[in-house]
Amino acid sequence: MGDDMDDILNIFFEECDELLPELERGLGELSDNETNPETINAIFRAVHSIKGGAASFGLERLVRFAHVYESALDCLRSGKVEPSADTVRMFFLAMDVLSDLVAEAKQTGDAVDDQRIDENLKNLEGIIQQGDGASPAQVGESVVPEGFTPVAVDFGGFGFDETDEDGTSSQEDDAAPSMQRLRVVFSPHNELYARGDDARNLLVGLKELLPEECAGEMDVTCRQDNLPTLGDISADDAYLTWEVLLPGGKGGVTPDDVNMVFEWVSDVCDVTITHEGDETVDEPNAAHAIMEVETQPVVVNEEEKAPSPLPEEKETAPLVSKPPRKREQHASIRVDIGRIGMLMDMVGEMVIGQASLESALGKSGALQDQELLKRLAVIKSLTRDIQGAVMAIRAQSVRNVFQRMQRVVREGSHLAGKDVALILEGEDTEVDRTLIENLTDPLTHMLRNAIDHGIETPEERIAAGKPAQGTIRLTARHRSGRILIEIRDDGGGINQKRVLQTAIKRGIVPPDAHLSEGEINELIFAPGFSTAEKVSDLSGRGVGMDVVKQAIHNLGGRVSIKSTPGKGTLFTLSLPLTLAVLDGMLIECSGSTMVVPVSSVVELVTVKITEDVYVIPDGSRVVSVRGRCIPLIYLGEELTLPDLGAEDRAAAETMGAADDSDQLIVLVVENEAGARAALVVDGVRDQTQVVIKSIEKNYRQIKGVSAATILGDGSVSLILDVSTLIVSATKRVDTRAMELHAERAA
Amino acid sequence: MADNQIVRVLTVDDSRTMQGVLRKALAGAGYEVIQGEDGVEGLEVLEAASPPPHVIITDINMPRMDGFQFIEAVRAVSVFRHIPIICLTTETDEEKKNRARALGATGWIAKPFNAEKLVWAIRRVTA
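Chains A and B are the protein sequences, given in the same order. Heads up: the first sequence begins at 1 in our numbering, then just goes up one per residue. Heads up: the second sequence begins at 1 in our numbering, then just goes up one per residue.
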């Protein structure tokens, strides 16, 4: 049972994870003045469902808060309160508390500060009072959830004892003589049957009140005084009156018990409860039937059949029930994320297994066999499809994260006193779930940053001839196996002069540094950098853009900036679609096999050292590929590997150039920003899918290396972080060029 | 209800948590449970169920088709006219109770429910 309950509890938390964004979305619409009733209902329902679920688990703090929240929302729903900006903001704040209380219950978050809860409760109660102002008596009722104590569902003890709901036992009535019986007379109205109820239900309900030792001591009399002649009987009308004698007094049935049976029908059934002997009842035409409820409940059924309005239908149900029908209507199932993770891991192993099979076959020479090759190709393509399918299972649209950003912008612009609209594009773009989970924080920070530093105040904007309202566009799209997320603001752009000054002031760059525009922009990602002249509410949270960059980097992604003074700034996040697998090109370098992601390879060419490689004055090299000069990176050197290639080259130079010693194998690679570099490698082995294994988790982060993988032959190989390599190469070349330029100018 | 017959209960609630709790409580008490996640689905499940459920437990506040509409829709089908319907909801408003009654609801239980009370309620309407 404990496990079962844990399962349900997990369902509850999962549901909260869905309801909270819904709540947020709804509140967002409210604050955009879209007050359609469906939205308000959805908001209400979200809180309502959280409360209901929490109550089942006795999550008292959560329930109490949700209850007041719900009551406040009810005022909104019933139109007693207008969704003013203030009200909506309070609802937003309350949503945060609710969300934190869920986290608290889930034990993924810290205990929520009581004072914060109280403050929010006070806000909400204010809203309720505002709505119910006219009738203060009701206010107290709805505000203080006194009558609402969460009771965890107790699955123990389904048996019935004599104790009724309130815990009052049947023995209260000890004043009555123990043999005195209770006489219950009831006549159902037609409406009782229209509600799916039945006199028989009431009779059996009464019978169940009997204490065990009195079982069977119930006399039932059916009075048929009102029964018309057969021709006048209407099948839908009720004619019968029932009189039931129950053992009363000590240990017997009390009037309260009886009232409970009739609780739901008090308005559609005349009931009188008296102690036997207190009054005499005429019994003309009484057809006396002693009801043997214990053994023959069917007797009553038969008797009642004629006048009861439910003859045909009720009996259509066969006596033996078939196994429950599955809910075929459902087109989706819920799967624990752990299982999909497992599947993903296994697919990864399968990829490795298939690669190792291929490599073993290759060694044995069996791959010459065309038939075998064909079969292997089929398996390869299947593996790839399975991988795609598993990845698709894990994929989620970025919609939820994006919509959360609406609020970030709303609050941010409110705090900064700016008017900013957020436009979302491509919310349906799908990404791996793990990525989505980790996107919220970086995006939040970048948006805050854009509001705080990017968008100007309305006055400044008008002065610059722009609309007073600033715009931030948040877009997501797929591009060549990655997802690109862009944050584009139409603000003032990065003030490069100020950035550089600040960086120099903070000692991030030396005062005499000559930096390219791109490099200056990059400075905002430097640890300890902040251009905010005053510490604002927004960005003064101790988190800099360096943390954002690190977070994106940890996800296997990169951030790039483009800024146009006066026009705005564009941040581009480029992220892998998945953290699990990539297409890699296996290259040889300094005796090691390494993997270059195919997505970043532009072309593979051979160049002649003597003809195509130029040493620029600062000593670094560029290579001309199809007329375009690209920085040349000796990979082994860059990664500080023992440079076997250099020896070969040196040897080639001293021994006199052999035919191919003049040749370099060059892999032209490109990053998202379009910057290229040429990697000098010793050879290219193969192209294959590799399973990414985190190197940071198992070792530590290495510059120029993004992860590791296991190859088909079982050896471990490093996956190169091409972008980092390109950046360091271009930086070197650009910077030196600038220095030269400066020297020349001097 | 004859003792040897398994009572089949249809629960209609948009909260999966509540559905889980109901399933557990009812299955634990020996009932057969079929479920629908809102009024629309509740009706679909009801129509597809063979034999039809002996009792329906429904939430009131649901998307697409709420409890009131659901009760009305169930009662509009002659074969389902006499299936007892118990509302299981946090709504305590007397007006709403009356509305549900007028539409044909048999009983009313407050959430959070007590498993014993729930079983009592089912027995109360499925004698």
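Do not take every clue at face value.
[What the hints assert, rightly or not] Cut-off 25 Å, straight-line C-alpha distance, at most; resulting in silico cross-link-like pairs (SDA-like, lysine to any residue): (1) A:693 x A:683; (2) B:117 x A:205; (3) B:97 x B:38; (4) B:117 x A:7; (5) B:24 x A:339.
Note that these hints are calculated values from the structure, not bench results.
Outcome of the hint check:
The suggested pairing of residue 693 of chain A with residue 683 of chain A holds, with an alpha-carbon distance near 24 Å, which does not exceed 25 Å. Only pairs whose Cα atoms come within 25 Å are accepted, and residue 117 of chain B paired with residue 205 of chain A is accepted, the gap being roughly 13 Å. Restraint check for residue 97 of chain B and residue 38 of chain B: the C-alpha separation of about 19 Å stays at or below 25 Å, so the hint holds. About 23 Å separates the Cα atoms of residue 117 of chain B and residue 7 of chain A, which keeps this hinted pair within 25 Å; it holds.
Among the hinted pairs, residue 24 of chain B with residue 339 of chain A is consistent with the structure: their alpha-carbon atoms are about 24 Å apart, no more than 25 Å.
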